[in-house]
Amino acid sequence: MTGRWRLSGPVVTLLLALLIHVVGMLLIKGFGTTFGVRAMLVLAALLAIASIGQTLVILLGGIDLSIPFVIGFANVAAAQLYGQGVPFAIVLPGVILAAMLVGAFNGALSSILAIHPLIVTLGTGTTLQGAVQLWTKGFPTGGAPAWVQKFVSIGGTIGPIPVPWLIPFTALLALGVVLLLSRTVYGRRLYALGSNPRAARLALVDPVRMWTVTFALSAGFAALAGILLLGFSGSAYAAVGAPYLFQTIAAVVIGGTALVGGRGGFLGTLAGALCLIELTTVLVGLGLQPPLVQATLGVLIVALVAVYGRESHVRELI
Amino acid sequence: MKRLLARRPELRLAGGLFIVLLLLNLILNPVRFAPANLGVTLGLAAPLIIAAIASMPPILGGRGGIDISVAPLMGLVNVVIVRVLVERAGMTSPFEIVPIVLLIGLASGVLNGFLATILRIQPIVATLGTYLLYAGLTLTISPSPTGTAPAWLKSLAGTGSILPILAVMAIWLLIKRLPIHEHLMSVGSDDRAAFTAGIPVTRVRFLSYVAAGLFGAVGGLSLTGLIGSADPNVANSMTLLAISAVALGGVSLAGGKGGLVAAALGAIDIFLLQSVLTYFNVSTFLLQMAYGAALTVAVALNSERLAQLLSRGRRA
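Chains as they are written, first to last, in my numbering: chain A, 19 to 336; chain B, 12 to 327.
These are computed hints drawn from the structure, not numbers from a lab.
Careful, some of the hints might be misleading.
[Claimed, not checked] Each computed SDA-like pair below joins lysine to any residue, with the alpha-carbon atoms no more than 20 Å apart: (1) A:K168 / B:F291; (2) B:K268 / B:A318; (3) A:K155 / B:A318; (4) A:K155 / B:K268; (5) A:K155 / B:N292; (6) B:K268 / A:L131; (7) A:K155 / B:A301; (8) A:K155 / B:R323; (9) B:K187 / A:N214; (10) B:K165 / A:L131.
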């Protein structure tokens, strides 16, 4: 595969999202209105933030199934603590830091003991969710401060611009992640370890440190998404992250990042998240029942990935 | 048993856990585990056991092989039997229903195998696609729990609960006698070496998905027997549980290591753990916590790297 092809991956996905948008405007009345576009942007931004960690972890050659559970944990913990009168300036970093500790444990355990991260993250995620539910007895209380709600509200505005602050914030975050991957030693090491672990070790990349840091980052971004979701929905809900289990993986893969590691980037994921949200909105807009939306989405994800996300044949790996 | 454990070291942990949990259950809950009630108890565990066995073959094939659509397939089979075959087509005989169900399973296996090995979509994404498809179809066919299963199917939750498990075991034993099993294990250990040695890697992996589909369909029969009606919401939660069971049993997610006994033991361990904890009447949240922690600790203890680290520490 040529370098030029890889560069155009995110662009192709973005064009696809635009294509879906045009199809939606042709088929559905009122699809292209400002409100509709704003709603889709907000949903796509939330998915993109939740997918930052999944992108990093998959580039490393791992996978993180604890994201939905960490989202639920952050969502409930932030609401509960803020409701109990802890200032939000402490709640926000505290919850994210706690989540990062869980993530660091995931990465360290998987890499030190060479266990598949799928199982480790599933195990810790399930434990975390059980613990949170036990703590709140299944009925979380509290909410988010008004400014967080305004920050992610679909009706929010920045002066005359009709989008909430979440959109420029996500753009800035995306820029940061892209720079992190392309311009820092960490980024270099991530790609090196993801594409060839043995060679990376010989180049003095410490795999345990990289896995620990990357999974911690993943959990941190998931926690951020969980707190933003709290502002979005207004009240806490431990299972709020459930749809993000597979959606983050789908966004990453539709964006052209390979699950084997070492190939891809965050711009693709951003476009992939936009694609997924556009698709869902079009299907709902066409009047399909939720189960049929789900079924169609399954077929379309497979079709999308079949076009440009295919793996290489084993004969090409030798 | 001892010989089996010596030959299959990955089974030691799941086997030990099985003995401890079984003893605990026998002490705490002698009625449920009395010989007379064994059929019913096994009926409770059977769907998860079969789901775990069905999830195993693609994982054995390695390079990210996995089938997360097994549980939704079981759910689809459940609503198709009750709402379509029984209610609409008026079928009741097992000789009509079972072949159709097995055909559905084969079709699902062929579809997953085609997507994951011939089209070469990364398996977790390919089977996520079919997962969403099956779950959506299931809810479309039966939006809410309703209907009744034929009597012979319901007996699969009682006296006949061993039958579906025996069927799956028989098929797997047959597969183990064929060259395909050796091929699958070598593809899972090192697909490049296997390919160089002339093993048809793609075909072997394709067939592992077909086996998963077939086993999943049998699991659907067992699930229908257990719930006795059409319920669109039961099966999906089993997806992650089935994969956990496979890992707990000592099947390597990297491929090439494990088998039916491992997958089944892992599932039985999870069932026994749930049984112990529900005896103490703990909340479902604590149950979830305990099960997550048990999974993490178990795979950590089972890792080969841990044994290496410990032995190195002892020598130093």
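Hints and how they fare:
1. A:K168 / B:F291: 45 Å, violated
2. B:K268 / B:A318: It holds: about 17 Å lies between the C-alpha atoms, which stays within 20 Å.
3. A:K155 / B:A318: 39 Å, violated
4. A:K155 / B:K268: 41 Å, violated
5. A:K155 / B:N292: Status holds; Cα separation ~15 Å.
6. B:K268 / A:L131: 17 Å, holds
7. A:K155 / B:A301: 16 Å, holds
8. A:K155 / B:R323: Cα-Cα ~45 Å, so violated.
9. B:K187 / A:N214: 34 Å, violated
10. B:K165 / A:L131: 44 Å, violated
Violated hints, listed in ascending order, are 1, 3, 4, 8, 9 and 10; each of the other numbered hints is respected by the structure.
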